[in-house]
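These protein sequence lines map, in sequence, to chains A and B. In this text, residue positions in the first sequence follow the UniProt record's numbering: the first is 1, and each later residue adds one. In this text, residue positions in the second sequence follow the UniProt record's numbering: the first is 1, and each later residue adds one.
Just to be clear, a hint being listed does not mean it is correct.
[As the list claims (entries may be wrong)] Here are the in silico distance ranges between beta carbons for each label pair:
1) A:Phe-248 / B:Phe-271: 21 to 27 Å
2) A:Leu-198 / B:Met-256: 53 to 59 Å
3) B:Leu-53 / A:Gln-136: 18 to 24 Å
4) A:Val-33 / B:Ser-210: 31 to 37 Å
5) B:Phe-63 / A:Lys-110: 26 to 32 Å
6) A:Met-141 / B:Phe-271: 54 to 60 Å
7) A:Leu-80 / B:Gln-198: 47 to 53 Å
8) B:Lys-16 / A:Gly-174: 17 to 23 Å
9) B:Phe-63 / A:Leu-91: 40 to 46 Å
10) A:Val-267 / B:Phe-271: 46 to 52 Å
11) A:Ser-175 / B:Gln-198: 30 to 36 Å
12) B:Phe-42 / A:Leu-80: 58 to 64 Å
13) A:Met-141 / B:Pro-92: 18 to 24 Å
14) B:Leu-220 / A:Lys-110: 23 to 29 Å
Don't read these hints as lab results, they were simulated from the structure. Keep in mind the model is a prediction, meaning the values are calculated, not measured. We treat Cβ as the ideally placed atom computed from N, Cα and C, and that holds for glycine.
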Amino acid sequence: MSGAKTKAGSGGTAARRTVAYIVLIFLSFLCLVWFYVLFINATRSNGQLKAGFQAYPGAYLVKNLYNLFHGATPVVRGMLNSLVIACCNALLCVYFSTMTAYAIHAYEFKGKRAIFTFILAIMMIPTQVTALGFIQLMGKMHLTNTFIPLILPGIASPITFFYMKQYMASNLPGSLIEAARIDGAGEFKIFNTIVLPLMKPAVAVQAIFAFVASWNNYFTPALILSDKMKKTLPILIAELRNSDWKTFDMGQVYAMIAFAIFPVIIVYLILSRYIVGGVTAGGVKE
Amino acid sequence: MEKTKQKKSRITRHNKYGYIFLIPFMAAFVIFQMIPLVSTVFNSFFENYRSGLKQIGPNFVGFGNYAKLISSGDLLKYFGNTMIMWILGFVPQIIVSLLLSAWFTDPSLRLKGQRFFKTVIYLPNLIMASAFAMLFFTLFGDNGPVNSILVQAGIFSKPYSFMSHIGSVRGLVAFMNFLMWFGNTTILLMAGMMGIDQSLFEAAEVDGASANQIFFRITLPLLKPILIYVMITSLIGGLQMFDVPQILTNGSGDPMRSSMTLIMYLNKHLFSKNYGMAGALSVILLIITGILSMVVFRFTAADEVDERRKKS
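For reference, chain A alone in the conformation it holds in the complex (with noise of 0.2 Å):
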């Protein structure tokens, strides 16, 4: 390469490099600037919010947290049941799907392919195209206002069951699990102290993923729970949206926003290595 050309390119480098801090400045700005907003109102008063905006905190955060406490809505038995149902199902999750995907991964039998094959054609059916007989049959079993119908699914996840396998394809010796055998240990022994230890990176990854779709999730629970008790955060976020809000402290609404957004942010922030990287590492071939 010539001295000449080395020096151009890297003017034009430069300024590229320009462009992308700014942009990628912006973009940083408009996903955080909405979470600021918000921790910002959560700590003032209904009097000041109804005022105007400003941009600085105000001292009524522990006075707005007070209130939501002992207010009309539940909202610490709301993230409790959240927080049951989360870890529950992202606990199922992860240990089944991984005993799935080793079912694939290490065995030869009969149908195999078509069991794998099976599994990833219905890993695209939505959960809502099967809401009507879901609700029906929970129902019929007795099982609405229960957690039961909230947690259990999660033992047949395809995406969760997927990852695992495209990790064990790459993670997973087959000698050590030959040498297991050999020493005398039974499958599901082998099973739980060998294969399951090592996977944990990857039960790590999907165990987050799993509690934060559990988390999050509006549509089932919404269908399944109506006892005030056993309602789940994002269901109490939409009542509050259903009722007459503009008679309420808006204090008090940001507070319960912010009870609902901001546990999630601080978990993330500390585990956002894992998150990051876990995205790709089985979801698509690289």
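Following the hints, complete the assembly by docking chain B onto the known chain A.
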């Protein structure tokens, strides 16, 4: 000879565990998806709803529900709404994602703070969509902070009612979808771009190709399979659009049902217990999704064959 026989029998003995390990998945699938799916399809052929206090049906009506659904025009209208809001969000999403992923993977740019930017742009994807929509509803309300800022800055003389104009409601829904998904798409496209053989770029550079030429002549064509994957999965996701417009418009799809999506319509039928119509609508959605997934399947399968050919 004897040894291999012994080994074989040991393997086959283990192999029944393949079936055993599949039991939980299959059982959960049959109970929570298969039976509901069959009964949804079954329901779609029956007239079954409440009219005031009177229960009508269930009476077998064949394809009557489908005919009613299509002839009323609502289905087409809501399908149109869903598509308009999807396209409004998807076009900027794919353009911005392509741009960002090209920048992130360009070694000559050496962008600093990549981890920070990736973390930030992915963040909205994890936010509870219902809470995000509620937040936008309060921020863009008639007395909300956005109007307050616009009036204070003198851009508007009086507050603009975002919630009562067709364009602004659809625009807000599309904007929220864009914000929630462009980070995810960027990361997917980046993985695709990093998979491209680096020597191709080097060769093009030696030949004196500009950054634009490299992007349009090399990166984009090689990225086609992933672009199609992203587009179709986003379209399938778009058809399921629900949380954001539902909460933003309180389930009404106002103004004048211009932001009512297909799933909001389904949700309405489910809550009013009009099971016949809900069933027919579900089946139509299933068929559309099925066709789209087959397209994805085709492309990823073709991809796999290509890869195998390359390896051999």
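Hints and how they fare:
1. For Phe-248 of chain A and Phe-271 of chain B, the Cβ-Cβ distance of about 24 Å falls inside the hinted range of 21 to 27 Å, so the restraint holds.
2. Range check, Leu-198 of chain A to Met-256 of chain B: Cβ separation about 57 Å, and the 53 to 59 Å hint holds.
3. Roughly 21 Å separates the CB atoms of Leu-53 of chain B and Gln-136 of chain A, a value that falls within the hinted 18 to 24 Å.
4. Taken as a hint, the range 31 to 37 Å holds for the pair Val-33 of chain A and Ser-210 of chain B, whose Cβ atoms sit roughly 35 Å apart.
5. Remark: the range hint 26 to 32 Å for Phe-63 of chain B to Lys-110 of chain A is contradicted by a beta-carbon distance near 39 Å.
6. Met-141 of chain A and Phe-271 of chain B have their C-beta atoms about 20 Å apart, which leaves the hinted 54 to 60 Å range violated.
7. In this structure, Leu-80 of chain A and Gln-198 of chain B meet the distance hint of 47 to 53 Å, their C-beta atoms being roughly 51 Å apart.
8. Take Lys-16 of chain B and Gly-174 of chain A: their Cβ atoms lie about 18 Å apart, and the range 17 to 23 Å holds.
9. For Phe-63 of chain B and Leu-91 of chain A, the Cβ-Cβ distance of about 43 Å falls inside the hinted range of 40 to 46 Å, so the restraint holds.
10. Between Val-267 of chain A and Phe-271 of chain B the Cβ separation comes to about 32 Å, which falls outside the hinted range of 46 to 52 Å.
11. Ser-175 of chain A and Gln-198 of chain B have their C-beta atoms about 33 Å apart, which keeps the hinted 30 to 36 Å range intact.
12. Checked against the given bound of 58 to 64 Å, the beta carbons of Phe-42 of chain B and Leu-80 of chain A, roughly 37 Å apart, lie outside it.
13. In this structure, Met-141 of chain A and Pro-92 of chain B break the distance hint of 18 to 24 Å, their C-beta atoms being roughly 45 Å apart.
14. About 44 Å separates the C-beta atoms of Leu-220 of chain B and Lys-110 of chain A, a value inconsistent with the hinted range of 23 to 29 Å.
The structure is inconsistent with the numbered hints 5, 6, 10, 12, 13 and 14, although it conforms to all the rest.
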